Amino acid sequence: MDAIFNQDGLREVARLLWKEGKQKKVWAFHAGMGTGKTTFIHALCEELGVKDAVSSPTFAIVNEYESPVAGVIFHMDWYRLKDEEEAIQAGIEDQLYSGSLCLVEWPEKAPGLLPDDTFHVHMEALDENTRRLYTLKETEKKLT
Amino acid sequence: MPDEITLPPNHLMQADLSTTILAIESSCDETSASVCVNGKILSNYIANQSVHEKYGGVVPELASRAHMQNIVPVVDTALAAAFPELNNTTDRLKQLDAIAFTQSPGLIGSLLVGTQFAKSLALTLNKPLIAVHHMQAHVLANLIGDDIPEFPFLCLTVSGGHTQIVLAHDPLNLEVIGETIDDAAGEAFDKSAKLLGLPYPGGPLIDKYAKTGDPLKFKFAEPQIPELNFSFSGLKTSVLYFLQKQETGFIEANLADLCASIQHTIITILLKKVKKAVQQTGIKQVCIAGGVSANSGLRASLQEMGQKHGWKTFIPKFEYCTDNAAMIAITAHYKYQAAQFASLDANPSARSH
Numbered sequence: 001m002d003a004i005f006n007q008d009g010l011r012e013v014a015r016l017l018w019k020e021g022k023q024k025k026v027w028a029f030h031a032g033m034g035t036g037k038t039t040f041i042h043a044l045c046e047e048l049g050v051k052d053a054v055s056s057p058t059f060a061i062v063n064e065y066e067s068p069v070a071g072v073i074f075h076m077d078w079y080r081l082k083d084e085e086e087a088i089q090a091g092i093e094d095q096l097y098s099g100s101l102c103l104v105e106w107p108e109k110a111p112g113l114l115p116d117d118t119f120h121v122h123m124e125a126l127d128e129n130t131r132r133l134y135t136l137k138e139t140e141k142k143l144t
Numbered sequence: 001m002p003d004e005i006t007l008p009p010n011h012l013m014q015a016d017l018s019t020t021i022l023a024i025e026s027s028c029d030e031t032s033a034s035v036c037v038n039g040k041i042l043s044n045y046i047a048n049q050s051v052h053e054k055y056g057g058v059v060p061e062l063a064s065r066a067h068m069q070n071i072v073p074v075v076d077t078a079l080a081a082a083f084p085e086l087n088n089t090t091d092r093l094k095q096l097d098a099i100a101f102t103q104s105p106g107l108i109g110s111l112l113v114g115t116q117f118a119k120s121l122a123l124t125l126n127k128p129l130i131a132v133h134h135m136q137a138h139v140l141a142n143l144i145g146d147d148i149p150e151f152p153f154l155c156l157t158v159s160g161g162h163t164q165i166v167l168a169h170d171p172l173n174l175e176v177i178g179e180t181i182d183d184a185a186g187e188a189f190d191k192s193a194k195l196l197g198l199p200y201p202g203g204p205l206i207d208k209y210a211k212t213g214d215p216l217k218f219k220f221a222e223p224q225i226p227e228l229n230f231s232f233s234g235l236k237t238s239v240l241y242f243l244q245k246q247e248t249g250f251i252e253a254n255l256a257d258l259c260a261s262i263q264h265t266i267i268t269i270l271l272k273k274v275k276k277a278v279q280q281t282g283i284k285q286v287c288i289a290g291g292v293s294a295n296s297g298l299r300a301s302l303q304e305m306g307q308k309h310g311w312k313t314f315i316p317k318f319e320y321c322t323d324n325a326a327m328i329a330i331t332a333h334y335k336y337q338a339a340q341f342a343s344l345d346a347n348p349s350a351r352s353h
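Protein chains in written order, with my numbering: chain Z, 1 to 144; chain S, 1 to 353.
If you're looking for bench data, these hints aren't it; they were derived computationally from the structure.
In this text the structure is predicted, and so the values were computed from the model without any measurement.
Incorrect hints may have been included.
Listed next, the stretches of chain Z that the computed footprint assigns to chain S, with coverage defined by at least 3 CB atoms under 8 angstroms from CB atoms of chain S [stated by the list, open to error]: (1) 38 to 50; (2) 81 to 91; (3) 97 to 103.
Residues from chain S shown here face chain Z by an in silico Cβ test under 7 angstroms; the list is partial [what the hints assert, rightly or not]: (4) 64; (5) 65; (6) 236; (7) 237; (8) 241; (9) 252; (10) 351.
Heads up, simulated BS3-like pairs for lysine-lysine below, C-alpha to C-alpha not over 27 angstroms straight-line [unchecked claim]: (11) S:217 - S:276; (12) S:317 - S:272; (13) S:119 - S:40; (14) S:312 - S:217; (15) S:284 - S:272; (16) S:211 - S:317; (17) S:276 - Z:51; (18) S:40 - Z:109; (19) S:273 - Z:82; (20) S:317 - S:208; (21) S:273 - Z:51; (22) S:308 - S:275; (23) S:284 - S:40; (24) S:312 - S:211; (25) Z:51 - S:272.
Beta carbons are placed, not taken as given, at the ideal position from N, Cα and C, and that holds for glycine.
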């Protein structure tokens with residue numbers, strides 16, 4: 001998908017993205033600071049019926065939620081990690097390969113840990129209130 | 001909690017005499033152990049920075065491996081500091097009536113180390129085990145010492161990972177009445193600092209530079225969030241876009257004013273909701289807890305606001321604000337009195353609720 005939206009369109013984009021990616025277990029969110037990764041994941045989790053408080057996992061590295069639709073969700077943030085080695089020592093592999101849905105912010109910190117069939121979601125800010133969110137098809141990915 | 005069990009009253013009888021508890025905290029970056037007797041903290045030891053430096057990396061003490069390296073020396077040091085008159089660990093361990101540990105929330109690999117250690121010790125010593133919730137402990141850190149709030153009180157818990165307003169009915173009945181829907185307050189400090197080019201974690205640096213800056217020089221977005229909840233991600237975006245519009249060299253030339261304005265905005269967001277909580281509940285005893293309560297601007301503003309509105313404000317000593325085992329010990333003290341013990345198959349949990 002490729003969508004341009006503002007705050008009001010968050011839930012709708014979250015719903016469409018779930019439709020596209022629900023078979024995938026690991027979702028990697030690529031975007032710069034302040035683009036709205038956490039805000040988007042908040043909306044996605046709301047869409048998935050999560051009742052837990054969804055907030056930034058930057059400090060905790062991993063937040064765990066429960067969804068009636070997706071089961072256990074691990075919301076991860078690798079911002080504070082230095083590299084794969086540190087990610088492994090933090091024990092996040094267990095969750096990443098647990099079969100539960102993993103929503104990963106800052107996946108660039110340890111790209112080598114992502115499984116081959118990771119669902120890559122890209123976000124960028126077009127202006128202060130407008131965001132673009134897009135995913136790449138398998139064929140496009142091979143070219144990049 | 002499913003892990004809670006109630007033990008026969010013979011365990012309670014010890015409480016009439018004197019209760020000595022060893023508490024272990026390993027939920028995130030720090031390994032810490034503390035001993036308390038009847039709610040009085042005898043020792044509170046936190047693995048020190050030299051271990052961090054040796055370990056290296058952006059995030060000190062992140063790995064559970066580091067907790068494993070730390071846990072024995074940390075517990076041993078806390079026991080030695082609590083019982084200087086006893087000259088060996090075996091005799092010191094004999095003083096203990098219960099072992100407490102942080103069960104949740106936190107990084108699961110880190111929590112496991114403290115949990116397994118506490119369980120092993122409880123099994124070996126044949127003493128009851130007490131599972132403590134980290135966020136409850138932050139609030140109850142306000143009950144350490146002599147000048148403590150009376151129930152009910154309100155507590156603003158602000159740290160790198162959490163931002164909550166808690167209504168404390170009694171030590172074992174805490175109600176979260178507001179929390180962040182995205183970033184924590186400490187994260188807002190750290191990430192704003194990052195946007196200013198300051199090293200991570202930059203929160204303390206913002207506090208430092210803010211002291212000589214003008215807090216009203218720059219205006220950043222304040223969120224409109226219903227109820228008593230918080231949002232800080234908009235502030236981050238607001239700072240980012242503001243900085244993008246400026247010329248090269250702007251940050252360097254305006255660092256103190258930028259820091260002061262960002263800090264002012266974060267504190268305003270926090271205290272507006274505290275004020276609203278006081279108005280809603282009618283409770284005028286207000287505490288703060290968590291690592292961000294070290295921020296001098298927040299401390300000053302809370303005290304000022306308290307004086308203006310006739311609130312009684314409480315701020316724990318700094319060593320009890322950041323992650324520490326003393327707050328686990330004081331919480332365990334109240335749980336012991338209520339005979340809220342955990343079974344030996346208790347498991348840690350990353351989840352907050």
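Any hints from earlier that this structure breaks? Give me their numbers in increasing order, please. Of the numbered hints given earlier, those the structure breaks are 3, 9, 14, 18, 19, listed in rising order.
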